[in-house]
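Trainee: Our numbering puts the sequence shown at residues 12 to 77.
Careful, some of the hints might be misleading.
Dumping the calculated DSS-like pairs for lysine-lysine here, alpha-carbon to alpha-carbon at most 25 Å [unchecked claim]:
id, residue 1, residue 2
1, Lys59, Lys69
2, Lys40, Lys51
3, Lys44, Lys59
Computed Cβ-Cβ distance ranges for the label pairs, DEER-style [stated by the list, open to error]:
id, residue 1, residue 2, range
4, Lys69, Thr49, 29 to 37 Å
5, Lys40, Arg73, 38 to 46 Å
6, Arg73, Lys42, 24 to 32 Å
Hints were generated in silico from the structure; no laboratory data involved.
Just so it is clear, CB atoms sit at the ideal spot from N, CA and C, and this is done for glycine as well.
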Amino acid sequence: MTNEEDKTFENEASAPSQMVQISLKEYDKLKEKSNYITNKDMIACIDKIEELVRALRKHIVRTDIK
12 MTNEEDKTFE
22 NEASAPSQMV
32 QISLKEYDKL
42 KEKSNYITNK
52 DMIACIDKIE
62 ELVRALRKHI
72 VRTDIK
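Turn these sequences into a full structure, and let the hints steer you where they fit.
Mentor: This is the structure in structure tokens:
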């Protein structure tokens, strides 16, 4: 092929893939991690909510109204 013919085929190559290949073991580990909260800011918010709920529980008076 000549240089001119090569240029005509330049754009016909397949586009680069956006996919990444990982092993099944790595995939399973990633899936397992998705079941847990690991973000430190989110954990801090949950801890604060827990603290507030504990404070509210002190003010609950349960009475049976019949």
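Trainee: Tell me, in ascending order, the numbers of any earlier hints that this structure violates.
Mentor: Those not satisfied come down to hint 6.
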